[in-house]
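**Student:** If you read the sequences in order, they're chains A and B. Its first residue numbered 24, the first sequence is counted upward by one per residue in my numbering. Its first residue numbered 41, the second sequence is counted upward by one per residue in my numbering.
Calculated from the structure, these hints are not laboratory results. Incorrect hints may have been included.
As the list claims (entries may be wrong) - Residues on chain A that point at chain B, a partial pick, calculated with CB under 8 angstroms:
1) R154
2) R155
3) E200
4) E234
Quick reminder that beta carbons are idealized off the backbone N, C-alpha and C, glycines included.
The lines below spell out each chain.
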Amino acid sequence: MGDSRSFLDFSGQWVVVTGASSGLGRAIAVELARHGARVVLVGRNEGRLSETASQLGNADHRVLVLDLARHDAIAAEVIRLRQDVGPLYGMCHAAGIVETRPLATNTIGVVQAQLNVNLLAGLELARTVCRRDVMMSDGGSLLFVSSVYGRVGMPGQTGYCATKGAIASAVRAMAIELARRRIRVNCISPGLVLTEMTKQSLGVLSPEHVEKLKAAHPLGIGEPEDVARAAVFLLAPGTRWITGADLAVDGGFTAQ
Amino acid sequence: MNTHDALTWIAEVFEEPPGQITIETKREQILGWDSLGTLSLIAGLDERFDIHLSEKDIDGMQRVSDILDILRRNGKLEDA
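When you get a sec, could you build the whole thing from the sequences and use the hints?
**Tutor:** As structure tokens, then:
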């Protein structure tokens, strides 16, 4: 970029953000809009998506109510979206579910439910967004939200850890495959950020355990905006030489 | 399947707009027909038509007409 625009300027390009009804997805969508992106807000709850939309200022956007566990619906919706708004620049898969379960009760069904949203929905979305007749012809950028728990273990999180580790591996494969089309693929691995989802999973732990977790982050607990800024950095058109990366955004948690 | 539908299907495999693919289109004219595109084509022929390609078939596919020939030889293409 040889001009005076910021390297974080999205110049009106369209980015699909899943999990946009709350938490990290909402924060990412808002931060993208602040940097000139047009965003498609994807989630299950129309009311909460509208709340996110109200935080986008004057940024052009679309709201797409979609249950990502319904994989067979994803492709058709993306194609319809492309027909509506034109070529897409990229996506951020921030939707995710967590179910804290000791291994003894971690049945296939429990793991599958997390896989369906955390990994498989993201892959299906990427498959469709990257179609040559959907994505911009000069390349784009995909971002997946993994987790520090894709790198380190945590009791009660076997399913969640498995899905987040799988995301990081899939990202590397996609990055290499799609580089020829100038499509970058990265993930971020957030540490403990207080969102509705993390409050829920912390709620089943003992207070002592929760305090230990908080204390394990050298820079303290994160805010959704901390992760959103990193997400925008990796998605931005100007960070064109970063692909296949897994950026820990965790206040130093995994550096120990 | 007739030729028009086959061309539409081939366009879909390579993610080209319908109408961009004709019988005369060469492999090098289709952006999506690289090595990975060939894998998509092989998978599509298998899943949609139950056609399994030999190495000779794969090496010989250099034009859209070659794909149509494969469909025809396997009884999947109705000639006009």
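**Student:** For the hint on E234 (chain A), does the least C-beta distance to chain B fall short of 8 angstroms?
**Tutor:** Since the shortest Cβ distance to chain B is 49 angstroms, the answer is violated.
**Student:** May I ask you to test the interface hint for E200 (chain A) with respect to chain B, counting a Cβ-Cβ separation under 8 angstroms as satisfied?
**Tutor:** holds, 7 angstroms
**Student:** Checking hints one by one. Is R154 (chain A) an interface residue toward chain B, by the C-beta closer than 8 angstroms rule?
**Tutor:** holds, 5 angstroms
**Student:** Return the status of the interface hint for R155 (chain A): holds when the least beta-carbon distance to chain B is below 8 angstroms, violated otherwise.
**Tutor:** At 4 angstroms from the nearest chain B Cβ, R155 (chain A) passes the 8 angstroms test, so the hint holds.
The structure is inconsistent with hint 4 alone, although it conforms to all the rest.
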